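Participant: Each chain, letter by letter, is given below.
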Amino acid sequence: MDTLRSKIIPVTTILLIIVAIWYVGAVAMNAPFQRDMDSRNNATPGTMEFIGKTLAQPKPTLPAPHQVAQNFFENTFTRKITSNRSLVYHAWVTLSSTLLGFAFGTVLGIVIAVGIVHVTTLDRSLMPWIIASQTIPILAIAPMVIVVLAAVGITGLIPKALISTYLSFFPVAVGMVKGLRSPELMHLDLMHTYNASRSQTFWKLRVPASVPFLFASMKVAVAASLVGAIVGELPTGAVAGIGAKLLAGAYYSQTIDIWSALVAGSVVAALLVALVGLAGRLVDRAMGGRPA
Amino acid sequence: MTAVKPAVVAASKLGLTFQTNDGPVQALSNVDLTIGKGEFVSFIGPSGCGKTTFLRVIADLEKPTSGSITINGMTPEQAREKRAYGYVFQAAALFPWRTIERNVALPLEIIGLPKAEQAARIKRTMELVNLAGFEKKYPWQLSGGMQQRASIARALAFEADLLLMDEPFGALDEIVRDHLNEQLLQLWAATDKTICFVTHSIPEAVYLSTRIVVMSPRPGRVTDVIESTLPRERPLDIRETPEFLAIAARVRDGLRAGHSYED
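Residue numbers (numbering that gives the first Met the number 0), protein chains in the order written: chain S, 0 to 291; chain V, 0 to 262.
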């Protein structure tokens, strides 16, 4: 009852509003082309018939929601998942490099954060570079990474994963620096009175205290990883993956395909973020967290 | 009386000046104090009088800027490295991700005691503070008073002869505070520890202590040291006796003499 009122109803309302706006937009944006076609064929459709036609074009400027839904359904559930027309296949290709890049990025982010928290020199020297790294547009970096790595013989999954790493290490590094510095002064004083070594303070206090920060930053990082993987697929000649699907759709003006690939990407992103959130809740519960 | 007992804490002309943005602040100035073994010494005074700072100097959490201080004949740093004291903070400062017994085990893990010895000490101290049965609970599942008792258990598990307590019951309501004061006295009688206890409650100081150190701010200094004439056995209603009230009045006079009641 509470979830119905507090979550389902508001979210559904917004969804319905978006769909309504989308339909209006689809009719408006597809109308000029439809009017052009009709005048060539000397057709004089009534208003309702005209609207129906704008929502059923094979290559519309803006596909209608039901066209995207139908395409998404067909390419997800009715194709063999090994077929390169299957969205499941493409989503899997993107997902695998997302996960690999996310794993790299998380490890790298944690390592950098540990270094920054423990070595003053790193704190001063590394942090500006880390922030600067994220101001460079990923679209500019991605093709260079792919080309350079291909020149030294590394192709396939790794270059794409590295682009994900590039985007995902940042939130983890920043979050973990904050997390490892989050223990209260009183807790640090306590460890001091025990004459605890630096590594004891690290493992028994800083690490457990940083766990909530880790999961919060991993949620951001996993979404960034997916973006990185998709961007990484664009310059590779677009063989497979959601990025490839987007690019191919753009080449052949298959607007419906583009939109359903976008939907597939969003579904994957939502699943990944939800999974990280779930893992975070499970760990929190295991660490004695108060049930919300 | 104190001269005969070996000194646990001996401070001489102790001073500490903090450098702040508004200029130097004298937190402690010219503190001379000797605390003998088995004493229960309370430090009382308004905020800024340096009572917590003095405790933190004993614990090597602050470095004095002048004078000298020894703990069992050692410098505070050596004493800390030898783990000569247990410290109880104003808040319970339990680790929220550890159960109560794992919290009590924390200092024991750090010393590196064998598991069996850890378990024995945990059991013993949990019984001392009346928390047996709550070992597997997490801190948030306990009331404020129980959390503070757990933090006392953690300090006791250390088995140091000196216990430093910094307003440990300051955040608790009076009923819980009375109860914990009574338990603390029993614990002190049972273990023969030396206790330094910071408070800003006059009745609490008089009820607990064998000696009350009255302090004043600006600069932080000792204005009076009052020996308690109360017996070691102290039921809660001792606080209505004329003897108790006379000591409380002396403490209040000491505070007034140090201008503690002025703005």
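No lab work stands behind these hints: they were computed from the structure. Hints are not guaranteed to be accurate.
Unchecked claim - In silico DSS-like cross-links for lysine-lysine, where the CA-CA straight-line distance does not exceed 30 angstroms:
hint, chain 1, residue 1, chain 2, residue 2
1, S, K177, V, K62
2, S, K177, V, K136
3, V, K136, V, K114
4, V, K81, V, K36
5, V, K122, S, K203
6, V, K81, V, K62
7, V, K114, S, K203
8, S, K203, V, K12
9, V, K135, V, K122
10, S, K203, V, K62
11, S, K6, S, K203
12, V, K36, V, K62
13, V, K122, V, K136
14, V, K122, V, K62
15, S, K203, V, K81
16, S, K203, V, K135
Stated by the list, open to error - Derived Cβ-Cβ restraints for the label pairs, each shown as a range:
hint, chain 1, residue 1, chain 2, residue 2, range
17, V, R255, S, L281, 39 to 45 angstroms
18, S, D122, V, R255, 22 to 28 angstroms
19, V, Y260, S, T2, 24 to 30 angstroms
20, V, E158, S, H191, 14 to 20 angstroms
Computed from a predicted structure; not experimentally measured. Glycine residues also receive a C-beta, built at the ideal position from the N, C-alpha and C atoms.
Participant: Work down the list of hints and note, for each, if the structure agrees.
Facilitator: Hint-by-hint comparison with the structure:
1. S:K177 <-> V:K62: 28 angstroms, holds
2. S:K177 <-> V:K136: 28 angstroms, holds
3. V:K136 <-> V:K114: 20 angstroms, holds
4. V:K81 <-> V:K36: 17 angstroms, holds
5. V:K122 <-> S:K203: 22 angstroms, holds
6. V:K81 <-> V:K62: 17 angstroms, holds
7. V:K114 <-> S:K203: 17 angstroms, holds
8. S:K203 <-> V:K12: 38 angstroms, violated
9. V:K135 <-> V:K122: The hint holds at about 12 angstroms.
10. S:K203 <-> V:K62: Distance of about 26 angstroms is within 30 angstroms: holds.
11. S:K6 <-> S:K203: 38 angstroms, violated
12. V:K36 <-> V:K62: 23 angstroms, holds
13. V:K122 <-> V:K136: Holds - the C-alpha atoms of V:K136 and V:K122 are around 15 angstroms apart, at most 30 angstroms.
14. V:K122 <-> V:K62: 35 angstroms, violated
15. S:K203 <-> V:K81: 20 angstroms, holds
16. S:K203 <-> V:K135: Measuring from Cα to Cα gives roughly 18 angstroms; hence the hint holds.
17. V:R255 <-> S:L281: 39 to 45 angstroms: 59 angstroms, violated
18. S:D122 <-> V:R255: 22 to 28 angstroms: 50 angstroms, violated
19. V:Y260 <-> S:T2: 24 to 30 angstroms: Given a distance of about 57 angstroms, which is not inside 24 to 30 angstroms, the answer is violated.
20. V:E158 <-> S:H191: 14 to 20 angstroms: 19 angstroms, holds
The structure fails to meet hints 8, 11, 14, 17, 18, 19 from the earlier list, while all remaining hints are met.
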